[in-house]
Amino acid sequence: MTTQAIRAESNTLDSGPGRFLSRRLPDTNSALWPMCALAILAVLQFSMVFTRAINWDEYFYFHEVAAFAQGQLDRPLQTLHTRLFAWLPGLFATSTDHIVAARVIMFACELVSIAAIALCARKFADWPVAILCGLLYLSAGYVLQHGFSFRSDPLATALLMSALFILVRTNLTALWIIVFGICLGLAGLVTMKSVLYAPAFIGVGLMRLMEAPRVIPELCRLLLAVAATCASFALVYLIQLASVTGTYQTAAASQAMVESSASWIFHVGIPPYWQMAVKAAATAPIFSLLVLATPAIVWKMKDSQGRKLALVGLWLPVLTPFFYVNTAAYFYAFMLAPVAVACAPALQLSLARWNGAVLTGAIAVIGLATWLHEDRRVIDRQRQLETNVQEIFARPVSYFDQNFMLGAWPQANGFMTPWGMHVYRVAGKARYSDALDAGTVPLLLANSRDLQELMAGTNDGLLLPEDTAALRETYVEFSPYIWLAGKDIPAAGETTYRVRVPGPYTVHGDVIVIDGTRHEKGESIELERGTVTLANPGRTPTRLVYGDRLPEPSDPVESGPLYVLF
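Take the sequence shown: its position 306, counted from the start at 1, is 306 in this note's numbering, and no numbers get skipped.
The hints are simulated quantities; they were obtained by calculation from the structure and are not laboratory data. Certain hints may be false.
[What the hints assert, rightly or not] Distance windows between CB atoms, simulated: (1) Gly530 - Pro410: 21 to 27 Å; (2) Ala427 - Arg214: 53 to 59 Å; (3) Pro410 - Thr28: 57 to 63 Å; (4) Val43 - Ser479: 25 to 31 Å; (5) Val195 - Asn355: 39 to 45 Å; (6) Pro295 - Ala456: 48 to 54 Å; (7) Leu84 - Ile202: 24 to 30 Å; (8) Ala108 - Gly439: 36 to 42 Å; (9) Ala394 - Glu523: 19 to 25 Å; (10) Ala427 - Val195: 47 to 53 Å; (11) Ile239 - Gly530: 43 to 49 Å.
[To be verified] Pairs of lysine-lysine, BS3-like flavour, derived with a Cα cap of 25 Å: (12) Lys279 - Lys123; (13) Lys302 - Lys123; (14) Lys300 - Lys123.
Where a beta carbon is used, it is the ideal one built from N, C-alpha and C, also for glycine.
Sequences are here, hints too, so could you generate the full structure?
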């Protein structure tokens, strides 16, 4: 029986539940279903802005903003966010809360990306499919978890997808060319990996040339768009360069940074983050199947060569994990946006064969499963740890940690990313020992498993031997995750202690004899750099801890993970 016959027969039925619902529910392939699912999933994701644990590099991203607010900028490239968020530092007590506030802006950027996905997809399919492309993107597990994170990815994705929308859907008048140039130029300043979108822009550019009634005028418009991009990039780069302090004030230094990064970001062979690629596919199975099917569908579809080239270009970024190193979970929010547009023909074919409402529901349920799986306790632990440190130290002090967790506080060791540790080992310089000799670093925040294992004596391979020895000999655990300069002395024991953190120290536990002078419990002593002899004449262990009677946290952070796994 044909669809028309079924509808005709249904119109002759008496009133009943079926006729009641048919009058009130939209068609199964209506755009209303994906629109509703997209809205619901976006609301659920917005709740994650406040409850998802901060990732380690989000702390670093905020640190750069806080440093810029204090008049420090170490490089002109990949620091545009410091200027955009310069208003943020000082609004809240902890870096965690600052990052949560910044995430709201990043969530808005993600909404822009989703809108651009739908608008671009409308070029290749009807509206229900175009909106489904946006839902497909949002429901992907890693996108739902990281699409709003305080990193370069959401901001760059919004700028790049906006530029793609202009290239796909507009007639490139003078105003659109200017806006295109601004979006694409700023995206390049936000992150150098914006170049990974090149296949998408090339594919769409070729489509415009092949579909244009007159090729030369269209080519001129495209060249003007490229010129506008270069002009906006150069202008803002010079503005950033004028604000740079320290050692990166020359173009040569910027070139050296780019070359150093390039030596690390590409690989040959098995992707280093292949496990994350597997998880990305597993948490977005429908999306993954459509991605796999898209090349064959585009090859066989009866459409212009220009549109096929555009779809291929939009699809190609999905291959970046095969040659680009830094494809951790958050990268997928960046990579999958143009790929979602490329899946429009595959989705159009799917809707022709299956119930659109059911397909929409299946995609939404996949996203819901990711949302339900969230561990919402970790962010409170992160916030509490920062509060504990602030209770101990009334003013900022220099410290060691993994990721600049304390925002504007002066961190002494750099960013302990895989790339950062690679550079550290290749340099072969005892960075931590040198920092202790050059300044006063009273705090070590063991806010990573590696640092916790290093201080526990179970990881000897993280740092150079000299640095490992320096940290273990200099610090004692004062509160969970918080290590202060100091020394433990066993009962009736005697030891030497190299004072690498000069300043006041307090006797904890029992009497300590320092270089022959007796000091009572609670007494504060000023120590200079050098080696002292510590003796404990008592029958119980005692310790010497940096600070003038520093208070212990009133509510120490509970044990547990400080970050969630990718």
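Now for the hints, and whether the structure bears them out:
1. At about 24 Å, the CB distance of Gly530 to Pro410 agrees with the hint of 21 to 27 Å.
2. Distance hint for Ala427 and Arg214: a CB-CB separation of about 57 Å, consistent with the stated range 53 to 59 Å.
3. Taking the beta carbon of each, Pro410 and Thr28 are about 60 Å apart, inside 57 to 63 Å as hinted.
4. Val43 and Ser479 have their C-beta atoms about 38 Å apart, which leaves the hinted 25 to 31 Å range violated.
5. Range check, Val195 to Asn355: about 41 Å between beta-carbon atoms, so the 39 to 45 Å window is met.
6. About 50 Å separates the C-beta atoms of Pro295 and Ala456, a value consistent with the hinted range of 48 to 54 Å.
7. Checking the proposed 24 to 30 Å range against Leu84 and Ile202 shows it holds: the Cβ atoms sit about 28 Å from each other.
8. With their beta carbons about 40 Å apart, Ala108 and Gly439 fall inside the hinted range of 36 to 42 Å.
9. For the pair Ala394 and Glu523, the beta carbons lie near 21 Å from each other, so the given range of 19 to 25 Å is met.
10. A hinted range of 47 to 53 Å for the beta carbons of Ala427 and Val195 is inconsistent with their spacing of about 27 Å.
11. Separated by about 48 Å at the C-beta atoms, Ile239 and Gly530 satisfy the suggested range of 43 to 49 Å.
12. In summary, the hint linking Lys279 to Lys123 is not supported, as the alpha carbons are separated by about 31 Å, beyond the 25 Å threshold.
13. At most 25 Å may separate the alpha-carbon atoms for a hinted pair to count; Lys302 and Lys123 meet this at roughly 15 Å.
14. With a CA separation close to 18 Å, the supplied pair Lys300 and Lys123 stays within the 25 Å bound.
Violated hints for the displayed structure, listed by number in ascending order: 4, 10, 12.
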